[in-house]
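J.: Each protein sequence line maps, in turn, to chains A and B.
Residue 35 in numbering that gives the first Met the number 0 sits at position 36 of the first sequence, with consecutive numbering throughout.
Residue 58 in numbering that gives the first Met the number 0 sits at position 59 of the second sequence, with consecutive numbering throughout.
Worth flagging that the hints you see were computed from the coordinates, not collected in a lab.
Heads up, a few of these hints could be off.
[Stated by the list, open to error] Computed far set for chain B versus chain A, every beta-carbon distance over 12 Å:
hint : residue
1    : Arg-21
2    : Pro-25
3    : Pro-28
4    : Pro-38
5    : Ala-41
6    : Leu-45
7    : Gly-49
8    : Ser-50
9    : Phe-56
10   : Phe-80
11   : Ser-81
12   : Gly-84
13   : Pro-86
14   : Phe-136
15   : Asp-149
16   : Glu-183
[To be verified] On the chain A side, residues computed to face chain B include the following (Cβ under 7 Å):
hint : residue
17   : Ala-8
18   : Leu-9
19   : Leu-15
20   : Pro-74
Nothing here was measured: the structure is a model prediction, and the numbers come from that model.
Note that the Cβ used here is the ideal one computed from N, Cα and C, for glycine as well.
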Amino acid sequence: MSRSAHVVALVVPGLLVAAGVITVVIRYARHPSHRRRFRDAFRDRRAVAIGALVGVVLFAVALADRGDLMSAAVPALAIGATVAAVLGKVRRPDGHAPDVERQL
Amino acid sequence: MIGASGDGQAVRPPSGASSVIRIDGPSSPTWYRFPLDLPVGASASLAADGSVVIDEFGGPVGSFAPPWAKDAIGRSLPTHFSLSGSPAAGYVLSQEVQISGAAFPVLADPHYTWGWISGTVYFNRAETLKGAASAAFIAAIGAFAPPPFDVLLVVSAGSYAMIAGWVVADNRCLEIKSGGAAYEYSGGYCR
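Sequences are here, hints too, so could you generate the full structure?
T.: The following block contains the structure:
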């Protein structure tokens with residue numbers, strides 16, 4: 000592969016990812032509702048526990064496979080958090096966890 | 000036909016992974032046989048492109064990429080797979096390497112490339128490059144997803160994009176384990 004192709008392979012994905020990161024940071028900084036919705040997604044304790052369990056299992060398997068801490072941690076964290084968020088949304092689409100509602 | 004010029008021994012039989020053949024001299028065997036340890040109900044077939052496809056439950060679950068062989072100075076040598084056997088009796092995968100005029104040692108690698116049997120997805124260089132661009136695009140678009148999926152998409156797709164980008168720049172290829180962890184590899188399917 001040519002040198003210019005190498006540059007393109009690094010720069011284009013880098014710019015797109017940077018655009019995504021900056022967009023998220025700006026949206027969360029400017030809109031308090033985004034921050035609230037983010038917190039609400041992880042308020043269901045049971046969903047978070049299941050997500051954490053999935054993440055820990057994936058992390059342990061990946062760590063045992065290659066021993067590379069960072070390569071094991073990032074997907075385990077992302078998949079575990081996604082599982083927790085999806086389960087939280089399924090259990091409480093309005094964002095209120097059962098224990099919060101009980102207190103109300 | 001198998002063993003016409005003598006059966007060789009591989010370093011390790013393929014059981015859902017890579018198996019490197021090392022041919023040390025012109026008097027070495029040119030046919031190398033590997034009994035395939037497939038699940039009950041699975042079948043194997045030779046595809047037109049020279050690869051071997053493993054089918055189960057009515058669809059492909061894995062494959063051996065078209066074989067390659069290189070001599071000591073990096074020249075590609077003619078090589079191909081042949082397949083014998085049946086679902087009931089079991090299959091034997093054979094690889095012939097034509098070693099006339101080769102510089103020794105010669106290396107060949109019948110590489111299992113895809114499917115949940117091995118739990119690893121291997122990408123070649125072009126696929127790795129496309130994967131980097133696709134993951135970066137998903138990271139950019141994912142920033143507009145509703146919270147918290149915007150953060151999750153940007154972090155996960157962004158990390159894959161950056162890893163794939165570094166792998167391409169390093170002239171290597173991307174492999175993703177079934178648990179989601181991404182690594183780089185070279186040789187075999189990485190062409």
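J.: None of the hints should be skipped; say for each whether it holds.
T.: Checked hints:
1. Arg-21: holds, 25 Å
2. Pro-25: holds, 34 Å
3. Pro-28: At roughly 34 Å from the nearest Cβ of chain A, B/Pro-28 sits farther out than 12 Å, so the non-interface label holds.
4. Pro-38: holds, 21 Å
5. Ala-41: For B/Ala-41, whose nearest Cβ neighbour in chain A is about 24 Å away, the distance exceeds 12 Å, so it holds.
6. Leu-45: Since the minimum Cβ distance to chain A is about 31 Å, B/Leu-45 lies beyond 12 Å and the statement holds.
7. Gly-49: For B/Gly-49, whose nearest Cβ neighbour in chain A is about 24 Å away, the distance exceeds 12 Å, so it holds.
8. Ser-50: With a cut-off of 12 Å, B/Ser-50 remains clear of chain A, as the shortest Cβ separation is near 24 Å.
9. Phe-56: Holds, because the least Cβ-Cβ distance between B/Phe-56 and chain A comes to about 24 Å, which exceeds 12 Å.
10. Phe-80: holds, 28 Å
11. Ser-81: Non-interface label on B/Ser-81 holds, nearest chain A Cβ at 33 Å vs cutoff 12 Å.
12. Gly-84: holds, 31 Å
13. Pro-86: Non-interface label on B/Pro-86 holds, nearest chain A Cβ at 31 Å vs cutoff 12 Å.
14. Phe-136: Contrary to the label, B/Phe-136 does not stay out of reach of chain A, its closest Cβ about 6 Å off (not over 12 Å).
15. Asp-149: violated, 5 Å
16. Glu-183: Non-interface label on B/Glu-183 violated, nearest chain A Cβ at 10 Å vs cutoff 12 Å.
17. Ala-8: holds, 4 Å
18. Leu-9: holds, 5 Å
19. Leu-15: holds, 4 Å
20. Pro-74: holds, 3 Å
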